[in-house]
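Listed below are the residues making up each chain.
2 protein chains.
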Amino acid sequence: MATENLFSQVVPVQVKGQGCEERRINVRVSIELQSTSNPIHRKELVVRLTEDTDPFFLYNLVISEEDFQSLKLQQSLLVDFSAFPQRFIDLLQHCIQEQNKDIPRFLLQLVSSGSHLDHTPSFLNVIETNPFKHLTHLSLKFLPGSDTDIKKFLATCLKCVKKEKLQLEQRLRKTEEDLTRQLNYTQQ
Amino acid sequence: MATENLFSQVVPVQVKGQGCEERRINVRVSIELQSTSNPIHRKELVVRLTEDTDPFFLYNLVISEEDFQSLKLQQSLLVDFSAFPQRFIDLLQHCIQEQNKDIPRFLLQLVSSGSHLDHTPSFLNVIETNPFKHLTHLSLKFLPGSDTDIKKFLATCLKCVKKEKLQLEQRLRKTEEDLTRQLNYTQQ
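Residue numbers (my numbering), protein chains in the order written: chain A, 1 to 188; chain B, 1 to 188.
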């Protein structure tokens, strides 16, 4: 399986749920394109919502080429599967650009269908607000990660952070050695 | 709740299970004493087995003062709850000291009661081998961590490694600044 990382950025998101107060959080949106060629050639777009400060926050969406056909029909999209990721990323970039404005023109919303955000599917909506109305550019249904999903995700994060930590340790050691050597050389 | 860390070291463990080959792995044994005083004063000894290279390996044992009374009776122990942790640690230290010997006198064994190590309780045994026989000094029953347990454990690890990484970044920056300043000073 080949994985192509297309996007991973923190985007402000307005969270809405039944019976809970509206709040704004910073959500990392990660978009990957996964391809398998065995037994048949398949591509899937994997979108993950996480929060850097809350290790248990995880929402997943997997869109296969077939899923995309229904999504396309249902939401009147005019692009095909291969062009979709970049259009989605463009929308996310609009939200990032507008994030510090009092009335952002583009806004990401995470709307829970149940009373508790944690255990029901949620919709990630890209909303444009113009003087006339709220326009929904895209609405994607995400499933909250199960304990198994979260466990796997955290193991991957841990592996990655440990690797970065090791590289830092090596860099620190090398920097200390290099500069001490230079210092000794200069002092001679 | 107050937590006192009593021990956290990597100990070689011989793993035995029904239908799986005997193998040796390095297991981190962590021992903590947790005390709560609300609503009543309670102490619990929490023992955790993890493997630094396998994020999903997690076994837990919680011994309350009441649990200890049964353990004491059942295994003919002569110490009380407060003295037990140090005696357990002494046994683990023996295993660590003996780890490089061909025939270690003290050995930790993790024995699974079922065919798959991952989903059945396992016994951690401290075994002394003398010329006459194998002597079991202690046998403790551990439960494998559920996905929820592993998820929580990994989140704690991740938080900890991220903190260490941040400290390293700060140290690297400071080292670079300090030594560059010294170098500039010396070159003048």
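These are calculated hints, taken from the structure and not from any lab test.
Check the hints yourself; a few may be wrong.
[Said to hold, decoys possible] Subject to a maximum C-alpha distance of 25 Å in a straight line, what follows is the list of computed DSS-like cross-link-like pairs (lysine-lysine):
hint, chain 1, residue 1, chain 2, residue 2
1, A, K165, A, K141
2, A, K159, B, K152
3, B, K133, A, K165
4, A, K152, A, K162
5, B, K43, B, K162
6, B, K163, A, K162
7, B, K162, B, K174
8, B, K162, A, K174
9, A, K133, A, K152
10, A, K152, B, K133
11, B, K174, B, K163
12, A, K165, A, K43
13, B, K16, A, K163
14, A, K162, B, K162
15, A, K159, B, K159
16, A, K141, A, K159
17, B, K152, B, K133
18, A, K159, B, K165
19, B, K43, B, K72
20, A, K159, B, K141
21, A, K163, A, K174
22, B, K165, B, K101
23, B, K159, A, K165
24, B, K159, B, K141
25, A, K174, B, K163
26, A, K133, A, K72
27, B, K133, B, K16
28, B, K163, B, K72
29, B, K72, B, K141
30, A, K162, B, K101
31, A, K162, B, K152
32, B, K162, A, K163
33, A, K165, B, K101
34, A, K174, B, K165
35, B, K43, A, K163
[Unchecked claim] Here are a few chain B residues that sit away from chain A, every Cβ distance over 10 Å (derived from the structure):
hint, residue
36, L140
37, K151
38, K159
39, V161
We treat Cβ as the ideally placed atom computed from N, Cα and C, and that holds for glycine.
Checking against the hints above, which ones are violated? Hints 1, 3, 5, 9, 10, 12, 13, 16, 17, 20, 22, 24, 28, 30, 33, 35, 37, 38, 39 contradicted; others consistent.
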